[in-house]
Amino acid sequence: VQTCVVHPIRAANRFVADHDRKRVCAALRSVYCAPNGQAAQKALGEFAESGPGRRYPSVAATWKRSWDRFVPFLQFPPMLRRVVYTTNSIESPDYQLRKVSRNRSQFPNDQAVVKLFWLAICDIEDKRSLKRAKDGNKTRRKSEGRLIEGRMTTNWKQALAQLAAAYPERMEPYL
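Going by the UniProt record's numbering, the letters in the sequence shown line up with residues 1 to 175, in that order.
Below are the DSS-like pairs computed for lysine-lysine, each with C-alpha atoms no more than 25 Å apart in a straight line:
# : residue 1 : residue 2
1 : K99       : K115
2 : K99       : K127
3 : K127      : K115
4 : K42       : K64
These are calculated hints, taken from the structure and not from any lab test.
Throw the hints in and build the complete structure from the sequences for me.
In C-alpha cells form, the structure reads like this:
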C-alpha cells in the first residue's frame, strides 16, 4: 500500500525542534524528489550522515520504517507525482463514506452498495457547496453542469496523459 508523501514527512518531523524543521525538510527534499528508489536511498543515506541527520537520527529511522510504502511513489512520472503527492483531498470523503457503510455489514446486492455511495457522495457535495456559498464562493466552478465541486488540480491534463500512458488498460474505458 502506497501512502502519501506528506505522512512520512510529518512523522519524521514529530521529534524535530520547531526551529530546525525548515532545515530538516529542505534536507529531506532530495529523498522524496529523487528520480528513482536507488537515488532516494542514496539521498536518505546522505541525510543520515549530514548535520541534521546526526542531530535527529529518528528522522532517518522513520523514513526507513515507512520505506516500503514510500517507494511505489517513485515509480510515477514527475508530473503525476505532483498530483498524487498527498492524499488529503480524498481522506475526508473516504472517512465520510466509511462512516456511512460502517453499520451496514450486508447488502442485498451490488446495486444497493452503489446507490448508498452515490447518495452519500451527493450529500457530501451538497455540504461542500453550502460551505462554499457561506464562505462567499471565492472560487467559481468552471463547469456548472458537473456534480463534483472539488478544487481544480494543477497540471491535471499532463498527469492524466501520463496515467493513460502508464495504465492504458485501466484508463481506456474512461477516456
